[in-house]
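> The chain contents come next:
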Amino acid sequence: MSKDIISSRKQEVPLQDDSSNVFLQVMVCIAVFLFGVTLAGTLSVNAMIKTWNDSILGALTVQIMPVVENNKEAMTAEVLRQQSKAVEFLNEWPGVEKATPLSDKQLNRLLQPWLGDGVDVSDLPAPRLIDVKVKKGMHINFSKLAESLVKEIPLASVDDHKIWLDKLIKFADSLRLLAMVVLILVVAVTSGAIFYCTQTSLGLHHHVIEILHLMGAKDTYVAQQYARKACFLGFMGGIYGLILVIPTIFVISGLASQIEGGIVSETTLSMMDWLIIFSLPLFSCFISMITAYYTVKHTLIKFM
Amino acid sequence: MLFKTEGERILIKSVSDMDMIIGMQNVGIRYGQGAEILSDINMALKRGSFHFLTGKSGAGKTSLLSMMYLSQKASRGIVKIFGRNVTYTDRDSLALLRRKIGVVFQDFRLLDHMSAFDNVALPLRVCGMDEREVRKRVTELLQWVELDKKIKEPASTLSGGEKQRVAIARAVINRPEILLADEPTGNVDSDIAYKLMKLFVELNKLGTTVVIATHSEKLITDFPFPRLHLQNRGLKIYRPIIEDNTVKGGIHE
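Chains as they are written, first to last, in this note's numbering: chain A, 1 to 304; chain B, 1 to 253.
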């Protein structure tokens with residue numbers, strides 16, 4: 001189809017003098033700029049989510065909190081009872097590969113750096129830990145798991161930074177959706193501007209187009225000339241927009257990297273992301289061309 | 001029998017569908033809500049015929065021609081060009097029909113920002129002809145109309161007579177089956193006018209159907225072809241009367 005749109009030789013409609021040419025280029029430039037910045041944001045949020053997801057996936061830890069009670073033996077028994085109940089519960093949870101309670105020895109080793117040698121864990125009101133391995137490729141809803149677990153086993157708690165990350169990912173997902181809406185709006189507004197500029201131009205060159213029709217030109221012949229012009233304007237506007245986008249991305253990621261060790265430290269774009277951003281002028285060129293072509297085809301029906 | 005033969009407005013009584021290249025039946029034209037400027041036009045022009053179209057200014061000559069070159073649709077009635085009812089023909093097919101019709105407009109309708117060459121090349125280019133062939137044909141024809149020195153000049157810088165010759169060259173470059181001309185000899189001196197008429201006659205001999213709208217009584221007497229005369233919004237046809245080898249082209253009521 002695109003070959004059909006641009007395969008004509010001579011430019012009879014004097015489109016190069018249209019005053020809307022500059023306007024369209026500025027319009028496309030701004031659109032590509034907005035599009036580029038939003039896209040870079042979305043892509044780096046994607047990268048961030050992926051890193052977070054990787055850290056979330058794989059494993060989590062469940063704690064069984066100690067109950068402070070005078071009867072030490074009863075306390076230990078209750079905690080161990082709840083622990084085995086929790087292990088059973090977790091092993092039945094979909095997506096969990098294996099839940100293993102940490103032995104006293106393992107717990108001792110964990111506490112050793114703080115408490116030194118010769119401490120018996122069973123004497124202390126320290127929480128018991130369960131290591132949960134998640135099946136590969138499975139995504140577990142941590143908030144739901146935590147909720148159900150606590151209902152069953154009141155002493156259990158899922159380490160809460162995972163839940164927090166889970167919520168953050170959800171927030172990022174909706175942010176991504178919002179970005180998509182922005183991208184669609186930018187494309188729609190640009191197409192609208194091209195539509196009205198093309199219609200105005202068709203009115204302006206009415207007499208030339210009528211002569212072309214009288215000589216036996218089909219609507220496609222005229223549409224090709226407009227498509228070619230729009231293709232050029234869309235590409236040039238896209239290039240100008242790109243020239244603005246690239247430094248902007250660097251400035252933003254520079255600012256982000258100043259937040260030391262923060263969650264935005266991973267805002268680097270991959271090679272693929274850059275490729276997408278660099279292909280924006282081709283995208284704007286294509287959108288302009290298609291819009292102009294079909295605007296002409298649609299509008300000429302009302303002509304002679 | 002294509003048209004009913006009743007009343008004195010019926011012009012050509014029986015032309016078969018095969019022979020007929022331009023046909024009109026009870027055609028009327030009005031612009032907007034105004035009165036009809038042409039009413040009940042009936043005609044059937046034979047393939048390969050040559051007609052003058054006459055009538056006072058404002059009689060509707062240009063409107064009638066513009067229906068023939070498919071720029072104007074009839075307000076009522078049936079118009080058939082190349083045997084096709086143009087009311088029911090889609091846009092792309094109309095474009096293909098127009099490629100077989102050459103038109104010389106009264107106001108030339110050249111593309112002022114383009115050269116004489118590009119103007120003449122236009123009908124060939126819209127057909128997608130190979131550029132080498134376009135170059136060959138256009139150069140040849142511009143030489144013939146003695147404009148080879150002005151080939152690169154923009155149309156806007158040409159004189160009235162030169163523009164007219166460019167317009168005529170553009171009309172015939174495609175070897176059209178129908179040639180329509182609106183006052184084609186109005187802006188040129190009598191020598192060139194005579195030469196142009198010779199060209200039209202030559203094309204007619206090769207099979208082109210020609211209709212020429214003109215005011216020039218001299219042209220009509222010099223070239224004995226039937227004339228379509230517009231009068232009182234209707235159309236009458238007059239055959240040339242030849243007495244003592246001279247043509248009396250006047251209107252005989």
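Do not take every clue at face value.
Derived DMTMM-like pairs: lysine to aspartate or glutamate, alpha-carbon spacing no greater than 20 Å straight-line [as the list claims (entries may be wrong)]: (1) K302/A to E131/B; (2) K297/A to E202/B; (3) K135/A to E210/A; (4) K73/B to E88/A; (5) K73/B to D219/A; (6) K133/A to E78/A.
Residues on chain B that point at chain A, a partial pick, calculated with CB under 7 Å [unchecked claim]: (7) R98; (8) R109; (9) H113; (10) L122; (11) P123; (12) L196; (13) K198.
It should be emphasised that the hints constitute simulated quantities derived from the structure, not laboratory data.
Ideal placement from N, C-alpha and C gives every residue a C-beta, glycine not left out.
> Take the hints in turn and mark each one as holding or not.
Going down the list of hints, with the structure as the test:
1. Restraint check for K302/A and E131/B: not satisfied, since their Cα atoms lie roughly 31 Å apart, outside the 20 Å limit.
2. Taken as a hint, the K297/A and E202/B pair is broken in the structure, with Cα atoms around 39 Å apart against an allowance of 20 Å.
3. Proposed proximity of K135/A and E210/A is contradicted: the alpha carbons are some 69 Å apart, above 20 Å.
4. With a C-alpha separation of about 86 Å, the suggested pair K73/B and E88/A falls outside the 20 Å cut-off, and the hint is violated.
5. Simply put, K73/B and D219/A have alpha-carbon atoms about 18 Å apart, close enough for the 20 Å limit, and the pair holds.
6. A C-alpha spacing of about 24 Å is found between K133/A and E78/A, which places the hinted pair above 20 Å, so the restraint is violated.
7. Hint on R98/B holds. Least Cβ distance to chain A is approximately 4 Å, under the 7 Å limit.
8. Satisfaction of the interface hint for R109/B is found here, the shortest Cβ-Cβ separation to chain A being roughly 5 Å, below the 7 Å cut-off.
9. At its closest, the beta carbon of H113/B sits 5 Å from a beta carbon of chain A; the interface hint therefore holds under the 7 Å criterion.
10. For L122/B, the interface hint holds, the least distance from its beta-carbon to any beta-carbon of chain A being 5 Å, beneath 7 Å.
11. Given hint, P123/B at the interface with chain A, holds; its Cβ is 5 Å from that chain's nearest Cβ, closer than 7 Å.
12. For L196/B, the shortest C-beta to C-beta distance to chain A is roughly 20 Å, which exceeds 7 Å, and the interface hint is violated.
13. The beta carbon of K198/B comes no nearer than 25 Å to any beta carbon in chain A, farther than 7 Å, and the hint placing it at the interface is violated.
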